[in-house]
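Each residue of the sequence shown is one higher than the one before, starting from 1 at the first, in the working numbering.
Hints listed in this document are in silico derivations from the structure and should not be mistaken for laboratory results.
None of these values were measured; they are calculated from a predicted model.
There could be a bad hint or two in this list.
Derived Cβ-Cβ restraints for the label pairs, each shown as a range [what the hints assert, rightly or not]: (1) S282 / S66: 55 to 61 Å; (2) S66 / G17: 52 to 58 Å; (3) E103 / Y210: 39 to 45 Å; (4) P114 / G67: 15 to 21 Å; (5) G248 / P331: 40 to 46 Å; (6) R102 / L286: 42 to 48 Å; (7) G17 / Q285: 31 to 37 Å.
Think of the CB as a built atom: it goes at the ideal place given N, C-alpha and C, for glycine as much as any other residue.
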Amino acid sequence: MKIAMLASEAVPFVKTGGLADVTGALSLELARLGHQILLFIPRYRRVAETAPKPTRSWPLRVPSASGPIDVTIEDISLCGQRTTARGGVSVLAVRYDPFFDREGVYQVNGKDYPDNLQRFSLFCRATVEWLLSSSHRNEHLPNIVHLHDWQTALCAVYLKTIYRLRWESLQLPILLTIHNVGYQGTFPGDQFPLTGLPSELFTPEGLEFYGLCNLLKGGLIYADFLATVSSTYSQEIQTPEFGFGLDGVIRERKDRLRGIVNGIDTDLWNPATDPLIPAHYSVTQLEGKGICKRKLQLELGLPQDDHRPLLAIVSRLTTQKGLDLVLAILPDLLTHDLQLVILGTGDKEYEQAFQKFEAQYPQKVRARFVFDETLAHRIFAGGDIFLMPSRYEPCGLSQLYSLRYGTVPVVRRTGGLADTIVPYFARDAVTGCATGFAFEAATPEAFLKAVRSALSVFHERSIWDRLVRSGMETDVSWRRSAQEYESAYIALRESKKLSVR
1 MKIAMLASEA
11 VPFVKTGGLA
21 DVTGALSLEL
31 ARLGHQILLF
41 IPRYRRVAET
51 APKPTRSWPL
61 RVPSASGPID
71 VTIEDISLCG
81 QRTTARGGVS
91 VLAVRYDPFF
101 DREGVYQVNG
111 KDYPDNLQRF
121 SLFCRATVEW
131 LLSSSHRNEH
141 LPNIVHLHDW
151 QTALCAVYLK
161 TIYRLRWESL
171 QLPILLTIHN
181 VGYQGTFPGD
191 QFPLTGLPSE
201 LFTPEGLEFY
211 GLCNLLKGGL
221 IYADFLATVS
231 STYSQEIQTP
241 EFGFGLDGVI
251 RERKDRLRGI
261 VNGIDTDLWN
271 PATDPLIPAH
281 YSVTQLEGKG
291 ICKRKLQLEL
301 GLPQDDHRPL
311 LAIVSRLTTQ
321 KGLDLVLAIL
331 PDLLTHDLQL
341 VILGTGDKEY
351 EQAFQKFEAQ
361 YPQKVRARFV
371 FDETLAHRIF
381 AGGDIFLMPS
391 RYEPCGLSQL
401 YSLRYGTVPV
411 VRRTGGLADT
421 IVPYFARDAV
431 TGCATGFAFE
441 AATPEAFLKA
451 VRSALSVFHE
461 RSIWDRLVRS
471 GMETDVSWRR
481 SAQEYESAYI
491 ALRESKKLSV
501 R
C-alpha cells in the first residue's frame, strides 16, 4: 500500500516530544513491511538546518481565507540511510517561510505562536491540494491517509467537506491517531473563518467547542477510523476524567476506535550498539551497564558507588507526569542511601523545587533542565530504577526505553503504562515475568510504597537481575504495532469499497 502520513514533527528532522519518535519510527517499520510511505511535515527552520537539500520540489498555489498562497512541496527523503525497507519512506516538507521559518516549532519563549491556526491550516490544505493534484496523482496517490493529532486533523475536515466530491471519487479512507487528547488545538471562535471552512461547520455538531474552534474535534468527527496509543487509554478517553471535554464525541465513535500501543525504534535505542553510551551491554552480558552507571555518576559529579541505587527521571516537568508526587515523597525518599538524577524541561516551579533538593543533597541529587538526547541515552543506560508516576499517560515511551536498557520502571497504572509494564509481586518472584513496579492511586503514599518496594528488591540481586532481564527481553519494537496498523488499513479499505458498492 501507499500511505500518506501527516505529522507536525518526525525524527530525525524535528522533535519536541514523543510524537516525533512515533511518526518517524512507525513510518520506517511500515516501510519494512513493504509499504510506501509519503511522510508530510512542515519545513521548519530546524528541518532546513538538518535535512539534505531537496531532490525535487513542486510549486503549489493553495487557497486560503486571505487569498491564494504560493508554497513549495520539497522532497527531503533520507530513504536508505536508516533502513533497508523495500518500499522506503519519502519525506515531503511543506515550505512557506513566513509561517515555518521560525525559531520554535509551536511556540517561542514558552508562548504559542498566535497564528498557529493559520500555520497548520495551511499545512493541511497544502498537503490535500498536492495529493489531489492531477499532475502527480498517478505517481503519488495514496491508498490511505494517516493523520496524527490536532495539527493534521483539518485534513479530514477539508477532504470530507470542501474537497468531498474529488475525494469520494477516489474511495480513500482516513485514519486519525490521537496521541494525547489533552492537546486539542483550540482557538478563539472568531478565528474560525481563517480555516477557510464554511460557517455552517462552526456548530456544536461540528468544530465549535464551548465557543472555541477545536481542530481535534473536527478530526474525530470526520475521520473514517480513530486510533489511540494504547488499549487502556482508548477506554479512558471515553470518560470525563480523561476525555477533556471530548469524551462524548469519542463515545459516539467508539465502534470506530482502536487502541494500538506504541513501540520504539530498537535500532536507535539498543544498548548493544548505542554510540551515545560509554559501554555496550546486552541481556546476556550485563557488565557494561555497571560501567555506564559509574560513568554517569562521574559525569554528573555524584559519588561512584555500584551498590547505591541510582533513580532516574527523564520527563517533561509537568503535573501530568506526576512530578508533584515526586516532590511530595522526596523528603522521605532521600533519607535512603540512594541517588536521583532528573533530566527535563517544563514548569519553572518544578525546576526551582528540584534545584532546592539538589542544593540540600549535593551527594544524592542532580538535576539538568535541558533537552539533551545524548544525556537521556546515558541516563537510561546508567540508571537502576526509572520513575514515571504519570497522572495520565496515553502510551509513554520512556518506560519502553527503560525496559530496553534494563532500568526497572516504577509506574502508575494508567494508559499505556498499564499496558506495557508487568508489575512485580513477591509471590511471583520466581516466575520471572514481572518487568517493573506499579501503583494505582495517584497519591504520594501509594507512589512511595511502590518505590520502597523497588528499593528493597534492588538489594536481592538474583531477583533484581531477573527483573532487569525480563524487561530487556520484552518486545518493545514497532513491528507488532505496525502490523496492527496494517490490519486496520486493510479493513478500512475493504469497508470503503463495500460502502461505495
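Quick rundown of the hints versus the structure:
| no. | hint | result |
| --- | --- | --- |
| 1 | S282 / S66: 55 to 61 Å | holds, 57 Å |
| 2 | S66 / G17: 52 to 58 Å | violated, 31 Å |
| 3 | E103 / Y210: 39 to 45 Å | violated, 32 Å |
| 4 | P114 / G67: 15 to 21 Å | holds, 20 Å |
| 5 | G248 / P331: 40 to 46 Å | holds, 42 Å |
| 6 | R102 / L286: 42 to 48 Å | holds, 45 Å |
| 7 | G17 / Q285: 31 to 37 Å | holds, 33 Å |
Comparing the model with each numbered hint stated earlier shows that hints 2 and 3 do not hold.
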